[in-house]
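Top line first, the protein sequences correspond to chains A and B. The letter at position 82 of the first sequence is residue 82 when you use this note's numbering, and the numbering goes up by one with no holes. The letter at position 275 of the second sequence is residue 275 when you use this note's numbering, and the numbering goes up by one with no holes.
Worth double-checking, as some hints may not be accurate.
Label pairs and their computed distance ranges (CB to CB) [to be verified]: (1) A:Q81 to B:D448: 53 to 59 Å; (2) A:E99 to B:F450: 51 to 57 Å; (3) A:S26 to B:D448: 49 to 55 Å; (4) B:S140 to A:Q81: 58 to 64 Å; (5) B:D106 to A:L14: 40 to 46 Å; (6) B:A447 to A:D22: 38 to 44 Å; (7) B:D106 to A:S27: 30 to 36 Å; (8) A:A106 to B:E3: 36 to 42 Å.
Think of the hints as simulated: they come from the structure by calculation, not from any bench. Ideal Cβ positions, reconstructed from N, Cα and C, are used throughout, including at glycine.
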Amino acid sequence: MVVLVDGPGAPESLDSSLPPIDPSESSSPKRLWAVRSEDVVHAEEECEFGRLRPAGRIKHTNLTGGEPAFAGGELIYLNEQVLVVSGDSGRYGPRSAQELHDVSIAFKDSGYAVYSLGYDAEANRPFPLIGVRPRLI
Amino acid sequence: MTELSRIFGPESKGGTAQERAKTSSRMFVRSQVQLALDSPEATGRRITALEALDAYGLELLEQVVEDGGVGLVTNPSEPSQTIAERRRAMRLSKRVVASEAGVSVDDLTNAETAGAVIPIRGLENIAQVLALDERRLGLSGIGHGDNELALRLRELKQVEERDDEFVAQLAGAAWVIARQTELSEKLSADRNKKSLFRSKSKDYNPPVWEKGYVLAETTRIRLGLDASAPIESVYKLAQDELGIPIIDMELPAEIAGATVLNGSARGVVLNKTGANRNVLVRRMTLAHELCHLLWDPDRELERVRVDESADLGRRQIRDLVEARANAFAVALLAPRAAVLQTHGGQSVYDTVSRIAETFGISPSAAANHVANVCHLDPRDLSRSPTASAAVTRLWDRREIQDNIITGHVPDSRGGRFALLTVQAVRKRLISVDTAAAWLKIDKRLIADLF
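Isolated chain A, as found in the complex (with noise of 0.2 Å):
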């Protein structure tokens, strides 16, 4: 588990939007994002720790210690530059459109380009990884 740093600032020019990501081919593996009272900490989902849980995976609480947090979601590093983030998180999923969003701008503002998954407002959590095209922030 790491705490997240400011970035280096976006790229001059991107896609306002991507393809629908594929984790399980992104070259940088999936990671757990939580906003804590005092940082920002994220940490790949499949690591070693998280292997020898049930699971095979770590959980947000993991990143917590099961203490309120204010946000939590996945995120995956396109470079060192740009993050696709998404506030798919049991526990602490942003539980509407304008609290993702504000979050998102929180990442954008640490230094980096930000491509956000959105909100699904049928399902009234936000869009998973999978299956949405990432829209910049």
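Following the hints, put chain B in place on chain A, whose structure we already have.
Just chain B now, with coordinates in the frame of chain A:
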């Protein structure tokens, strides 16, 4: 709390997941890409615990309960790939599919574009027009539908030169047939006597009309029908006794009906316009299609067999399958023994008139039938009686269907399908939301029925 209580709620009862789901008040909600626990703010498709269990399995529901929701799509190209491939396999234009599904062409284009999201109800409508199981759409390796049906529908278009609209209608009917069969089984709503007709007859040797007559007599025996009594309602016989869905639709005027097989569910699509407007003709068409379903080997029927009105009831017809079905139809409705009995002691004209009225067949069909059964010269039948309006009305009343929401539901979804759908809501097999989507009506109308 046990695992099942956690998934289906503490109020659920029973030792199995099925029992728990049936007694659960928990609701789930589905979007294009995920299944979640229901919440007042969610706008997607609400489904009961039993629907969710049947479509997605216990393991996935467990995950939904634990995390609040779970992605259903594991291949990023789904469900768009399935939809696009299916439409192309059936060679249907976007315009026709969009129109039949009640969505815009843009929505259909999005539904066929990986990663684009459209409202779940639109997606479901598109799936239904393509005879796909909309509930499993997006799940890897599932929901791709009956491929042979798709190929046969393409053949109808390319070889038999049927138009797009008609092919799309048949595909939509195939969806209803599959769903009605499933509901009928779950509700034990029919006597499933079609299982008495597992062995088929390949005997089309001349005289083929004789084979049709014998099969009609065998059918009456197997169904426990009186050897010479009229069949009050062929609709009821087909649906209540045999568990064969009958789907009424407005088809091109030259079409009488069709038999359609979707997966393991076979049903009849009946044109409610054209010659079938007349109830006496409609009864014959239905009996003709029953012959196909009960007696013709699958190789003759394929996935879809379309019958044209011009071929039904004709005395001289080259297609032996159709000739046998014609003879079957008239002999099922007006048994040979009854015709002989009626003919004794009265004129041919009176016999024909009496047979038509008593057994609910058209006078022209009765005339041919009397000539065949009583070995008369067809020239003796140059003058046929006509059916009186009173007789037609009488048979119309007898054939009356289960129209519980008449006028609100499209023809293809009315009748028995609507009745079973409402019963399924009563038994909590499906949600009001599902019923409204299946019947294509506002869910307040369904709620008003309770």
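Against the structure, the hints:
no.	hint	result
1	A:Q81 to B:D448: 53 to 59 Å	holds (57 Å)
2	A:E99 to B:F450: 51 to 57 Å	violated (37 Å)
3	A:S26 to B:D448: 49 to 55 Å	holds (50 Å)
4	B:S140 to A:Q81: 58 to 64 Å	violated (33 Å)
5	B:D106 to A:L14: 40 to 46 Å	violated (25 Å)
6	B:A447 to A:D22: 38 to 44 Å	holds (42 Å)
7	B:D106 to A:S27: 30 to 36 Å	holds (34 Å)
8	A:A106 to B:E3: 36 to 42 Å	holds (38 Å)
In the structure shown, a violation is registered for the earlier hints numbered 2, 4 and 5, in ascending order.
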